[in-house]
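Novice: For reference, the chains in residue letters:
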Amino acid sequence: MDKQLVVSPAPHLKSPETIKSVMVDVLAALVPAAIAAVIFFGTPALLTMVITTLSAMLTEALILRNKNIFGDGSAAVTGLLLAMTLPPAPPWWLCVVGGAVAIIIGKQVFGGIGNNIFNPALVARAILMVSWAGHMTTWLAPVDLTATATPLVTSTAPGFLQLFTGTTAGCLGETSVFALLLGAAWLFYKGHINWRIPGGYLGVVFLMGAALGGGLSAGLFHVLAGGVMLGALFMATDMVTSPVTPKGQLIFGMGCGLITMLVRFYGNYPEGVTFAILLMNAVTPLLDNLTLPRVYGEVTK
Amino acid sequence: MSPKTFKGGIHPGDFKNLTEKKPVVPAKPPAVAVIPLSQHIGAPCKPLVAVGDEVKMGQKIGDSDASISAPVHASVSGKVIKIGTCKSNQGHLVNAVFIENDFQDTWHESVKPNPDWEQLPAEAIPKIVREAGVVGMGGAAFPCHYKLVPPDKIEFVVVNGAECEPYLTCDHRLMLERPEDLIVGVKLVMKAVNARKGLIGIEDNKPDAIEAVRKAAANDPDIEVHALPTKYPQGSGKQLVSVLTGRETPSGCQSTTVGCLVQNVGTCVAVADAVRFGLPSIERIVTITGAGVKEPKNMLVRVGTPLTQVIEECGGFTDDLRKLIMGGPMMGPTMSGPEDIPIVKGTCGILCLTEQEVQLDEIGPCIKCGKCVEVCPMGLMPLFLASAVEQRLYDIAETYHAVDCIDCGCCTYICPAKRPLNQWIGMAKNEIKAKQRRAAAAK
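Note that the protein sequences, when read in sequence, are chains A and B.
Under our numbering, the residues of the first sequence are numbered 10 to 310, in order.
Under our numbering, the residues of the second sequence are numbered -15 to 427, in order.
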């Protein structure tokens, strides 16, 4: 025994998970949706995802002076998530700007990972939407890539099977519900997400869709169409920007659902997911402090 | 009705396969027994012997007048060669009596069986337990006699056979090898506090022990044996009481407030030995384990045996030893070297971890994953507590109930950013207590 002994406080056993391993899990969870995007939208989709992700990683690596471009993996997650919210074939420079903006304005100005208030990918999406509305709403039909409109805009709604498997127009990540659910199952299994945020979000969307849209099938349509699946499973559940308390998480999810549906039915935009989540991000600290769990043995005066 | 399990908790993987099937073997007595005068919570003892005195095994060699204290006894027969200091497992120096062993193991006259032990009145039991120096054998080492005169009415004696710390198997082997003695001890404790029932909780990763204890308790309708879901920290007093009785101990109070007295299985057996045979607390089962020791074992070790001798009997360390812990992996203190620190009444285990098992992680930023909130058995918010302490805002830490932390370490275990949450919360507890002491002194 020639090395000195390590003296450190207990506990001496720690979970093998690290920030990086959590980020890799999230990336893995997005792979089915990424594959679906390439199947339906081809090379443009692949390029969009690669450029956005690389731009985000490079921006963060430069700002933090990282030893390698992957870092702790969080920039890659932000980049890929942002790509998922883009239409299939935006100009390459829009992807570069989006990735950089997500990291700089969405994350680093707040003090880096853990300190940002808003979901960085959605911050970038919001900025891109108001800056280049035209590019951000140029949709392509899947497989044949002809210009078309999304299910939320067309009057003839596609069938539920189409919405589920992904053969409708939309952003890269929002079309294939099936692929998203596969990925979310992985995150559930690993314990990185729980039922509260997605359940609250999708539950309210379904109920309001049924109430305002006239019937249960309208409710189902609203759950499957647009960015709600991606938003509820991957965006709203972003750890840094969502509550840590169980009740807080449920209220957060429900709030996202409420605002999404209000925008869809009464607002100007066809889709409300981006702003719903950003607005609920803002009240997350408040929600946490209003929903503190009961302390064991709490003596109520 | 009692819940099946408590809120939160973790599953760290138990590593008990290294020693759980190994019967307890006696360790060699030491050539010089170093008996610390403080092996318990409470006032340290003053020596009752002087250098040059001949002492017999089991003779009381240290005592104190304080109410929260416990005497210490010689674990060998021989001559007192020194009264000085030795290092404790907490890292500081404690006063100790050094006895040169004559290897005769001559028992002191006070150590004799009591054939009428079953007729003893309840009040006599705490006195005998005190004289025998019995302290909590689960590691905390609180003087047992003091707990046997509780301020509140006791309905249940809750017996901790959970042994929730990974690696440790000393309680497991005790329950397997001396289940009848355990039941005798439980009944004596119940008699002393006039409890209506004894509830023995054993984690379900020890099915053989559950069966053995159930068989031993078969003729006692007042003693129940419960298999509990294996989850750390099931053995924590508050969590054990919750799961076995459904009662929650109010913040700042002892479990006696809800009519429950918690005792470790080892303590119950020590009570039985003291009452039936007049045996003082001079030896205990220690689990020596980990990949860093060549032959992991469960050994019956005399108090005062140096750590180095026990390790030698287990084949010695491996070349890649990197961490030495005198206790369990979740709450035990690390040693800076394999020194002659004596085994004391509260030493449950010696854990030897190798290079691969030691994690030296950099502290990362909090990503608000909320896993610490999920696992905290007390319903606290470790991430907020830690963030308050990082900024030295101890008053804010107090509003987040820092004082209710039980130091289990679940939050620190689960944190992906490897933040030392329990250390920060510990700092807050110290500062809050210091502030309370200053305020009380100012009055």
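If you're looking for bench data, these hints aren't it; they were derived computationally from the structure.
Watch out, some of these pointers could steer you wrong.
Said to hold, decoys possible - Simulated pairs of lysine-lysine, BS3-like, Cα-Cα distance not exceeding 30 angstroms:
#1 Lys256(A) to Lys402(B)
#2 Lys76(A) to Lys23(A)
#3 Lys402(B) to Lys199(A)
#4 Lys71(B) to Lys427(B)
#5 Lys63(B) to Lys96(B)
#6 Lys402(B) to Lys23(A)
#7 Lys12(B) to Lys(-12)(B)
#8 Lys23(A) to Lys96(B)
#9 Lys278(B) to Lys30(B)
#10 Lys44(B) to Lys66(B)
#11 Lys44(B) to Lys23(A)
#12 Lys413(B) to Lys12(A)
#13 Lys413(B) to Lys256(A)
#14 Lys12(B) to Lys12(A)
In this text, all values refer to a predicted model and were calculated from it rather than measured experimentally.
Novice: All hints are to be evaluated individually against the structure, with a verdict given for each.
Specialist: These are the hints, each one checked on the structure:
For the given pair, lysine 256(A) sits about 26 angstroms from lysine 402(B) by alpha-carbon distance, which is consistent with the 30 angstroms threshold. Using a Cα cut-off of 30 angstroms, the hinted pair lysine 76(A) and lysine 23(A) holds, with the two alpha carbons roughly 25 angstroms apart. Taken as a hint, the lysine 402(B) and lysine 199(A) pair is honoured in the structure, with Cα atoms around 18 angstroms apart against an allowance of 30 angstroms. The suggested pairing of lysine 71(B) with lysine 427(B) is violated, with an alpha-carbon distance near 37 angstroms, which exceeds 30 angstroms.
For a cut-off of 30 angstroms, the pair hint linking lysine 63(B) to lysine 96(B) stands: about 22 angstroms separates their Cα positions. At most 30 angstroms may separate the alpha-carbon atoms for a hinted pair to count; lysine 402(B) and lysine 23(A) meet this at roughly 8 angstroms. With a C-alpha separation of about 43 angstroms, the suggested pair lysine 12(B) and lysine -12(B) falls outside the 30 angstroms cut-off, and the hint is violated. The suggested pairing of lysine 23(A) with lysine 96(B) is violated, with an alpha-carbon distance near 47 angstroms, which exceeds 30 angstroms.
For the given pair, lysine 278(B) sits about 39 angstroms from lysine 30(B) by alpha-carbon distance, which is inconsistent with the 30 angstroms threshold. Restraint check for lysine 44(B) and lysine 66(B): the C-alpha separation of about 16 angstroms stays at or below 30 angstroms, so the hint holds. Distance hint between lysine 44(B) and lysine 23(A) is unfulfilled; the C-alpha atoms sit about 42 angstroms from each other, more than 30 angstroms. Taking the CA atoms of lysine 413(B) and lysine 12(A), the gap is about 34 angstroms. The hint is violated against a cut of 30 angstroms.
With a C-alpha separation of about 27 angstroms, the suggested pairing of lysine 413(B) with lysine 256(A) holds against the 30 angstroms cut-off. With a C-alpha separation of about 29 angstroms, the suggested pair lysine 12(B) and lysine 12(A) falls inside the 30 angstroms cut-off, and the hint holds.
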